[in-house]
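2 protein chains.
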Amino acid sequence: MAKRAVVLLSGGLDSATTLAVAKEQGFEVDALSVDYGQRHRVELACAQVLAEELGAVRHTVVRLDLRAVGGSALTDAIPVPKDRPHDAISEGIPVTYVPARNTILLGLALGHAEVIDAFDLFLGANVLDYSGYPDCRPEFLAAFERLANLATKAAVEGRGRYRVHAPLLKKTKAEIIREGVRLGIDFSLTLSCYDPDDEGRGCGHCDSCLLRKKGFEEAGVRDTTKYQER
Amino acid sequence: MAKRAVVLLSGGLDSATTLAVAKEQGFEVDALSVDYGQRHRVELACAQVLAEELGAVRHTVVRLDLRAVGGSALTDAIPVPKDRPHDAISEGIPVTYVPARNTILLGLALGHAEVIDAFDLFLGANVLDYSGYPDCRPEFLAAFERLANLATKAAVEGRGRYRVHAPLLKKTKAEIIREGVRLGIDFSLTLSCYDPDDEGRGCGHCDSCLLRKKGFEEAGVRDTTKYQER
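Taken in order, these protein sequences are the chains called R and V.
Heads up: the first sequence begins at 1 in the numbering used here, then just goes up one per residue.
Heads up: the second sequence begins at 1001 in the numbering used here, then just goes up one per residue.
The hints are simulated quantities; they were obtained by calculation from the structure and are not laboratory data.
Nothing here was measured: the structure is a model prediction, and the numbers come from that model.
Errors might be hidden in some of the hints.
In the DSS-like style, the derived pairs of lysine-lysine whose C-alpha atoms are separated by at most 25 Å in a straight line are [as the list claims (entries may be wrong)]:
| no. | chain 1 | residue 1 | chain 2 | residue 2 |
| --- | --- | --- | --- | --- |
| 1 | R | LYS170 | V | LYS1023 |
| 2 | R | LYS153 | V | LYS1170 |
| 3 | R | LYS153 | V | LYS1153 |
| 4 | R | LYS171 | V | LYS1153 |
Model the full assembly from the supplied sequences, consistent with the hints where possible.
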């Protein structure tokens, strides 16, 4: 029987590729999405389609109202920055940072993994394009893995050791796109935008849209992303 | 100006005492409760009353649907054990264990702390009466503290260092009750039961009710807890 893994699936390009990598590594994939009141909730619809298309055995959506916590352009009334030059995007921690997001998402993935007897957690964290997010760094992921093995009944009872996999951690957006193409992902089903319209079309101007466009260009892959007209 | 702290407040006896301890230590307290679909949701009403009575400056309730994750008698259709002898209660990990609960709750407390510029997180974890919960142990709490200081913008930018406080960690239930009495807590406002009725009266028979009764007896404090008639 294939080993089970929990893959955090946002509906974006990175997490879709991560899911496909987990499948290629032979895992039976249980996809987990979190409806945390994000401005770009239409990505949850993308996540559902992707989970099915990419062969997850199950897709679970956990509702969590992070708006009560606030503090981010993704959950709060803070405007999403638009048309920033690439230097600015890769410098500092942007307002789209959600306080403690990956700690919370990995915590939920860990709880879900324990329930379904999985010990492998996958997420699409990436340090190159998003060096600004502290909770995408290797030292954070290593610290979470250590925590997971202290936090849970399954680990304490010796039924397994948790591992946190971030297969895209050191890849550029272009490399991720090439990897996704190799794995047969239809990227038009993914959504990267922080500020999409209700039909799931990207704004074309937020940091995430700009990085995505640049990635397709650098990868030499035709970009089939649907953008809003402005 | 007083330093701010986030106190995880469940509405139970331990977290109420923890809040009072944080106040005594001079913190301005921001209470955080999580509505995670627990069977004993009436405790959230207790939390609200306690936050006000004990002088929290604010009380935030975050909704998180852990029922989608499942795997616990507290969130799932697993029966809450009743009338277990004390030896059985303190042995092994009970079905009331919620997978990764303290990882998730501390993650939310961390996110909230970052938003309000607090660096001190308090929780009512206790190893003596609940040795069965892996995520109440000192090594877990130390690992979370380490994680918090890698996970967040505030720590990475050097604005402060997060600390996890569990002032009741090594106290018996009787010692906690005496501490609470000293701090002027009206314990009739707290609810410990895993399976209360809609009016917030304890069942009197679950592990948590039994530990609470035994604690009042050993502390020599009159127990004003309201129990259901059976």
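- Query: Which numbered hints does this structure break?
  - Reply: 1, 3
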